[in-house]
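Participant: So the sequences go chain by chain: A and B. In the numbering used here, each residue carries its 1-based index in the first sequence increased by 462. In the numbering used here, each residue carries its 1-based index in the second sequence increased by 462.
Each hint should be verified, as a subset may be incorrect.
Unchecked claim - Pulled from the structure, derived: some chain B residues nowhere near chain A, Cβ distances all over 12 angstroms:
#1 Pro476
#2 Glu499
#3 Lys582
#4 Asn585
#5 Leu625
#6 Gln683
#7 Gly714
#8 Glu764
#9 Ala806
Stated by the list, open to error - Some but not every residue of chain B turned toward chain A, in silico, with C-beta under 8 angstroms:
#10 Pro472
#11 Ser473
#12 Ala484
#13 Gly494
#14 Met498
#15 Val500
#16 Gly527
#17 Gly535
#18 Gly536
#19 Met679
Said to hold, decoys possible - Below, in silico cross-link-like pairs of lysine-lysine (DSBU-like), each with a Cα-Cα straight-line distance of 30 angstroms or less:
#20 Lys665/B x Lys552/B
#21 Lys564/B x Lys570/A
#22 Lys775/B x Lys567/A
#23 Lys564/B x Lys591/B
#24 Lys665/A x Lys570/B
#25 Lys747/B x Lys775/B
#26 Lys665/A x Lys567/B
No lab work stands behind these hints: they were computed from the structure. Cβ coordinates follow ideal geometry from the N, Cα and C atoms, glycine included.
Residue-level listing of the chains:
2 protein chains.
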Amino acid sequence: MKKHNFSAGPSILPEFTKEETAKAIIDFAGTGLSVMEVSHRGAEFQAVVDETIQLIKEILSVPEGYSVLLLQGGASLQFYMAPLNLLVKKAAYLNTGVWASKAMKEAKLVGEVIEVASSKDKNHTYVPKGYEVPADVDYFHITTNNTIYGTEMFSDPEVCVPLVADMSSDIFSRPVDISKYDLIYAGAQKNLAPAGLTLVIVKDAALGKTGRTLPTMLNYQTHIDNGTMFNTPPCVAIYAALQTLKWIKNLGGLEVIQKMNVAKAKVIYDELDRNKCFKAVVPNKEDRSLMNICFVMREGYEAVEADFLALAKQRNLIGLKGHRSVGGFRASTYNALPIESAQALVDALKEFEANH
Amino acid sequence: MKKHNFSAGPSILPEFTKEETAKAIIDFAGTGLSVMEVSHRGAEFQAVVDETIQLIKEILSVPEGYSVLLLQGGASLQFYMAPLNLLVKKAAYLNTGVWASKAMKEAKLVGEVIEVASSKDKNHTYVPKGYEVPADVDYFHITTNNTIYGTEMFSDPEVCVPLVADMSSDIFSRPVDISKYDLIYAGAQKNLAPAGLTLVIVKDAALGKTGRTLPTMLNYQTHIDNGTMFNTPPCVAIYAALQTLKWIKNLGGLEVIQKMNVAKAKVIYDELDRNKCFKAVVPNKEDRSLMNICFVMREGYEAVEADFLALAKQRNLIGLKGHRSVGGFRASTYNALPIESAQALVDALKEFEANH
C-alpha cells in the first residue's frame, strides 16, 4: 500500500537514497563496518566527503572562489552564524515569514537590521516587490522559499549589495546563479538528506571583514581551513546526501528536476484553481511555491475541512495538514515526490468535490 | 571475515543499533516511510524522542531538576555554548589534553579562565591531582576521558563549586553521579549513536544567571522550553541512540557495562604490562582509560612499529593507529566492542612478540 509523502520536512527522499543508506548502515564501502562506526578521517569516508562536495559544486555550478561546507545546527544556527561572519554594521532583510523573522532576530544581536519590506500585512501569502535595498548595507538577506505560506522567489534579486539566502526548502529544486550570492545556507532535510546536516556555500572573499573574534565553531573560516571536518561531521547524513546528489545527477541535473517540479505543481495548482471546494492560499501565480502548495477550503466549505483530512488518510496521502499559522492544507512536493503522488492528491480533491 | 573495530570515534556500535537503524531507514514504526522522511512533529517520531530521553534519565539515574537535550554541533560547539550559558565572571579548567585546551580557548571568549592544573609536562599521560579549585569560580570544567592520551578520571572531583564535564568519550561506559554536575555534555559518536548528535544534561537551576542575551540556538533554555525540538533534530542519530539505550538496558544497565569494560581493558593492559615489545603509554594504573588504550613499542623495538600495524591489518584489527600527537597505537574499547576483539588484539601482541 504505497504512501504518498507530502511532509514539509523532514520529507520524502529518493528510494535510491534510502536503499543505499540502509545498506551502508550495515556495510559501508565494503569495509564490513557500518558508515556509523568508521573513522571520519579514514580514506573511505574522506572519499564520501570529497565526492559530496564535488557533486554539489557540479550540480549547482558553484563558481571558483566559493567554499562548500557540510555543517550541523540547521538553518536556525545559520540565522546567527551568517551575521556573525558577514555583518559589519548593518544588513537588510526581506521579511517573507516566520523563518525570515527568526533570521532577523538573530542578526539584531550582531548589528543593525533594516527590514526593507514585509508581506506580514497579508499573512505572508505574497512575495514583496518594488522595495529598495539601501546601498550601504553589508548584505541583503532573503528566504527563497517559504514553507509555511507556500511562496517562493524564482529570480535572484537585482541589487547592488551582496546577497545572502536561506535556501533550506528549495535548494536543488532548480538551477540557481550561485555567483550572485555571498552566502547560501540550507538545512538539508528537504531535497538533500535527513535532518542533521546543514549546507553552506560561501564566497571566500566575503569573509574576514568584521574584525570580530569569532567562536571557533561559528567561524566559516574554521570549517574552510579544515576541509569541512574541523570536528566529527554528521557522517550518515552526509552519506545520504551523496546518494541524493547521485540521483539528481543521474536524472540529468537541475534543469530536469525543475521541469519535473513544475509539472507536479501545475497538476495540483490547476486543480485547486478549478475545484469548487478548495483554493490555493497564494493568489499571485508568480509567487506560488513549487515546493509547498498551501490550500484551504473555499467559502462555504469550511465546515467540512476535517472530512478532507480523513479522506486523505484513507487515500494514503500523508503530511497534508497545514502549518498552524496558516491552517488548511499543505502539499509539499519536493524533488523526490513522484508525479503519481501529485495525481493521487488531485484525484482525492476531485473525489471530495464530487461528494460535496 | 569478522572485523575488530578499535576506532576512536566514530566507533563501534552494537549490532542491534545497526540492524534496527537500517530497518527504520526503509520502514519506520510501520509507517511505510523512512525515519529520514517523517515529520519530527509526528506522533511516531515524538515517541522516539520521548523514549530516548526517558531511557537516558533511567540509565544514568538523572535526578529531578535536570533537563536532557539532544542537540547538534558536537562537543566542539559545547566548548563555547557551556561558558556562554554558565560563565558569569570566571571559570576553572583542568587541562588534561587537546580537548580540554580547546574548551578553555572558547571559554576565554566569554570570561576569565583559570587553569588549575595541567598534565602538559608529560604530554598528558596522567591525570593531575592535588590541585586547588578557587572557591569563587562559576564552575570547574573537566574532561573525564581523554581519547588521545588514554587517561580517564574515574571519580567525580570533590570541589565546592559547580562541576561541568565533557564526557564525550566515556558517558554510558559506567555509572556517574549526575547530581554532582551542573552540566554534562557529550558528542554521541562513541558509546551512543552515529556522529551528529550531542547529548546535554543540564541542571535547570544553573541557568539564567549570566545576564547575557544569548543567541537563540546557543541558549540551553530555548531547547528546554521546546522539548529539545526547537528546530528539526538529527532524527536518524536520535533513532540510533534509542536503539543503543535499549541495548544497554537489556544488558542490565551501566553496572554490567562497567564490568564488561573493566574486563576487556584488563585483558589488554595486562598483556601490555607483560609483553616485551609493547608498553602502555599511561604509567599510573589508576589513570588508565577503560575506553582508549594507548600503547607504544618498548625501547629497542621502535624500528618495527610499522610491522605491527601490518600484522594488525592481517588479523582484521581496525583503527589501531595512535593519534599523531602521541604516536604508537590506540585500541579504543568502547561498550560495543566484544571481549573477543580484545582477545584478538592480545593474540596479535603475543604473536608479534613471538616473532621478534
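Participant: All hints are to be evaluated individually against the structure, with a verdict given for each.
Facilitator: Outcome of the hint check:
| no. | hint | verdict |
| --- | --- | --- |
| 1 | Pro476 | 10 angstroms, violated |
| 2 | Glu499 | 5 angstroms, violated |
| 3 | Lys582 | 20 angstroms, holds |
| 4 | Asn585 | 21 angstroms, holds |
| 5 | Leu625 | 23 angstroms, holds |
| 6 | Gln683 | 15 angstroms, holds |
| 7 | Gly714 | 23 angstroms, holds |
| 8 | Glu764 | 24 angstroms, holds |
| 9 | Ala806 | 14 angstroms, holds |
| 10 | Pro472 | 6 angstroms, holds |
| 11 | Ser473 | 6 angstroms, holds |
| 12 | Ala484 | 4 angstroms, holds |
| 13 | Gly494 | 4 angstroms, holds |
| 14 | Met498 | 4 angstroms, holds |
| 15 | Val500 | 6 angstroms, holds |
| 16 | Gly527 | 27 angstroms, violated |
| 17 | Gly535 | 5 angstroms, holds |
| 18 | Gly536 | 5 angstroms, holds |
| 19 | Met679 | 5 angstroms, holds |
| 20 | Lys665/B x Lys552/B | 19 angstroms, holds |
| 21 | Lys564/B x Lys570/A | 28 angstroms, holds |
| 22 | Lys775/B x Lys567/A | 53 angstroms, violated |
| 23 | Lys564/B x Lys591/B | 21 angstroms, holds |
| 24 | Lys665/A x Lys570/B | 29 angstroms, holds |
| 25 | Lys747/B x Lys775/B | 28 angstroms, holds |
| 26 | Lys665/A x Lys567/B | 27 angstroms, holds |
In the structure shown, a violation is registered for the earlier hints numbered 1, 2, 16 and 22, in ascending order.
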